[in-house]
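Peer 1: Could you build all of it, start to finish, from the sequences and the hints given here?
Residue numbers (numbering that gives the first Met the number 0), protein chains in the order written: chain B, 0 to 156; chain H, 0 to 191.
Take these hints with a grain of salt, some might be off.
Derived CB-CB ranges, DEER-like [stated by the list, open to error]:
| id | chain 1 | residue 1 | chain 2 | residue 2 | range |
| --- | --- | --- | --- | --- | --- |
| 1 | B | T75 | H | V163 | 38 to 44 Å |
| 2 | H | L14 | B | D4 | 52 to 58 Å |
| 3 | H | T22 | B | D4 | 45 to 51 Å |
| 4 | H | A40 | B | E23 | 40 to 46 Å |
| 5 | H | S63 | B | E79 | 24 to 30 Å |
Honestly, the hints are just simulated from the structure, not real lab data. Ideal placement from N, C-alpha and C gives every residue a C-beta, glycine not left out.
In case you want the letters, here they are:
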Amino acid sequence: MSEHDKIRELLALAAADALTSAEEKQVAEHVRSCVSCSNELEAWRPIATELRRLPTPQPSSWLVQATLARAEAKLTEQAEHDWNRRVMIVVVTFAWLLTIASWPVFHVVSGRFGRLLEPQFSHTWISFAAFTALGWLAGGVAAVMLAIRQRGERRPA
Amino acid sequence: MAVDADVVRLRRGDLNALSELMTRYQNRLYRYLLRIVRQPAEAEDLFQQTWLRVVEKIRSFDASRNFDAWLFTLARNLAIDHLRRIRPQSLDEPLANSWHSETAADRIPCNDHTPLDHALAAERRTEISEAMAGLPMMYREVLTLRFEDEMKIEEIAQVTAVPVSTAKSRLRRSLEQLRYALEARYPGGTWQ
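Peer 2: In structure tokens:
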């Protein structure tokens with residue numbers, strides 16, 4: 000491809016201001032000496048100019064307000080979801096910590112009172128019952144807290 | 000690149016930041032969507048979907064990146080999914096209807112020009128917008144991103160998910176197609 004043909008291909012992009020500085024320089028030098036390319040570049044210019052002047056269709060204010068309202072509702076919903084997740088993590092972590100921490104306590108308690116009973120029974124069943132009770136208690140607390148919060152947020156202002 | 004303060008605030012869940020961003024981008028985004036789908040009702044629906052997607056994904060957005068390109072990429076993906084679902088042929092085929100619309104601002108008279116100048120300018124705008132509406136979607140898109148949104152080639156490449164060289168050749172082809180369309184529609188007119 001000749002230099003002239005290469006430059007010719009760049010003319011539309013030159014009118015669109017989409018050339019690199021090196022390409023711009025090449026085109027500028029060429030059109031100074033080539034009448035045909037100079038005319039061609041001039042033919043591209045009104046197209047580029049009119050494209051830049053096309054009217055901008057605008058969204059209606061109703062659309063913008065409705066979109067904003069929906070997006071804000073989504074943002075609030077996400078914030079609520081995040082809060083619920085954090086609460087759940089805290090409650091579950093707390094339940095596990097409590098369960099683990101309660102093991103030595105139950106060990107001591109079951110050691111003292113268990114002596115009166117059969118040893119295997121005291122170690123196994125009391126610990127199992129305490130573990131289950133704590134688990135259910137922590138889950139119940141989490142569920143009640145989340146329900147109270149959701150009910151409060153759904154209540155109309 | 001400077002980090003957009005509104006984007007950072009939106010990532011923290013600030014509702015005012017969302018309003019600020021919407022005010023800043025509403026016209027550009029709506030115009031871009033309208034250029035792609037050409038139907039106002041569809042553009043309005045996609046406009047809403049895009050902002051909901053922004054809220055949904057804003058935390059995964061790297062605030063040091065270009066928000067414009069990210070926003071337009073989200074809009075583009077939604078628009079293309081929509082077109083594939085509703086009118087698969089419209090991704091390549093021209094549509095008879097024109098999307099051209101005039102705003103109140105366009106009707107404000109300018110003292111620098113005569114009524115004849117205005118009439119001629121309006122006619123040229125109509126001609127070019129009708130010719131543009133007849134181009135395939137990928138050409139309309141690249142023209143609006145370059146000339147109306149004034150995006151650089153690198154940004155266009157980012158939005159359209161193609162290499163810079165492809166974006167550049169696509170822009171050149173879109174201009175050539177537009178010129179052919181103008182010359183064919185209006186032979187002997189001012190476009191030749």
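Peer 1: Hints numbered earlier in the text: which of these fail when held up against the supplied structure?
Peer 2: When the structure is compared with the hints, none of them turns out to be violated.
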